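Undergrad: Sequence:
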Amino acid sequence: VWLRPGTLWQPETVDSDRLVGNFISLALDSRDQPQIAYFDRKNKRIKFAQYLNRSWRTSFVTERSDPGIINLSLALDANDQPQVLYYDNAIAGLVLLRFNANRWTPGFVARASPDGLGASLKISPETVSCVSFYDSGLKFARLVGDEWQVEPVDPEPGVGVYSSLAFDTLGNPQISYYDQATRKLKF
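Numbering (the numbering used here), first residue to last: 5 to 191.
FYI, nobody ran anything at the bench for these hints, they're computed from the structure.
All of these numbers come straight from a predicted model, not from anything done at the bench.
Positions of the beta carbon are idealized from the N, C-alpha and C atoms, including for glycine.
One or more hints might be untrue.
To be verified - Label-pair restraints from in silico Cβ distances:
#1 Leu-189 / Arg-115: 21 to 27 Å
#2 Glu-67 / Pro-156: 32 to 38 Å
#3 Asn-104 / Leu-32: 19 to 25 Å
#4 Arg-35 / Ala-96: 34 to 40 Å
#5 Asn-104 / Asp-172: 25 to 31 Å
#6 Ser-140 / Asp-21: 36 to 42 Å
#7 Pro-156 / Trp-60: 39 to 45 Å
#8 Leu-189 / Pro-156: 18 to 24 Å
#9 Ala-170 / Arg-22: 33 to 39 Å
#10 Pro-38 / Phe-171: 19 to 25 Å
#11 Val-132 / Pro-38: 20 to 26 Å
All chains should be modelled from the sequences, with the hints used to inform the complete structure.
TA: See the structure below:
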């Protein structure tokens, strides 16, 4: 990771294990400290790194080896608790891992087209986990209680890959995405 605490960029080693660093996702906590989710190819597991007290602490997120994990997206809730979204080839769907009470809890989000094609996780201003993703068109999902509510956004095939989700100041979701049919970036 490269940090820019002032006017110069400073490189820092987050994890020196071999074959780490695929599908990287970065978030800053409420104190502007970086937290990173990434895939460890050697162990075939998701790892999480936190910058605490001027040093990096790394840990495994997933308990078992899973070579089908790709396309991570990290978000932090209002209490700086991390959530990691990823696509799992074994189930052809998106999985959300939420950190709570010193452990990670997985939950199925929705079926998604192969490779996840750039799903994006954000926490809404109401502290609701929300996801934009591609599954035969662009979709938006929000976690209400223990259930995911999924709605189509742009249902055309090939539309909605590589999405990026954000919330405006009024709390409305905003999504940018790629349209493979027209080869255009949309919002």
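Undergrad: Quick check: does the Cβ-Cβ distance between Asn-104 and Asp-172 fall within 25 to 31 Å?
TA: holds, 28 Å
Undergrad: Is 18 to 24 Å respected by the C-beta to C-beta distance linking Leu-189 and Pro-156?
TA: holds, 19 Å
Undergrad: Could you check the hint for me, namely that Arg-35 and Ala-96 are 34 to 40 Å apart, CB to CB?
TA: holds, 38 Å
Undergrad: 21 to 27 Å was suggested as the range; check whether the CB atoms of Leu-189 and Arg-115 agree with it.
TA: Check passed, 25 Å falls within 21 to 27 Å.
Undergrad: Could you say whether the range 39 to 45 Å given as a hint is met by the Cβ separation of Pro-156 and Trp-60?
TA: With Cβ atoms ~40 Å apart, the hint holds.
Undergrad: Does the Cβ distance between Ala-170 and Arg-22 fall inside 33 to 39 Å?
TA: Given about 35 Å between the Cβ atoms, the range holds.
Undergrad: Take the C-beta atom of Ser-140 and the C-beta atom of Asp-21, compute their distance, and say whether it sits inside 36 to 42 Å.
TA: The hinted range 36 to 42 Å holds for Ser-140 and Asp-21, with Cβ atoms some 37 Å apart.
Undergrad: Could you tell me whether the CB distance from Asn-104 to Leu-32 stays inside 19 to 25 Å?
TA: The hinted range 19 to 25 Å holds for Asn-104 and Leu-32, with Cβ atoms some 20 Å apart.
Undergrad: Does the Cβ pair Val-132, Pro-38 satisfy 20 to 26 Å?
TA: holds, 24 Å
Undergrad: Range hint 32 to 38 Å: satisfied by the CB atoms of Glu-67 and Pro-156?
TA: holds, 34 Å
Undergrad: Between Pro-38 and Phe-171, is the Cβ distance one that fits in 19 to 25 Å?
TA: holds, 21 Å
In this structure, none of the earlier numbered hints is contradicted; all agree with it.
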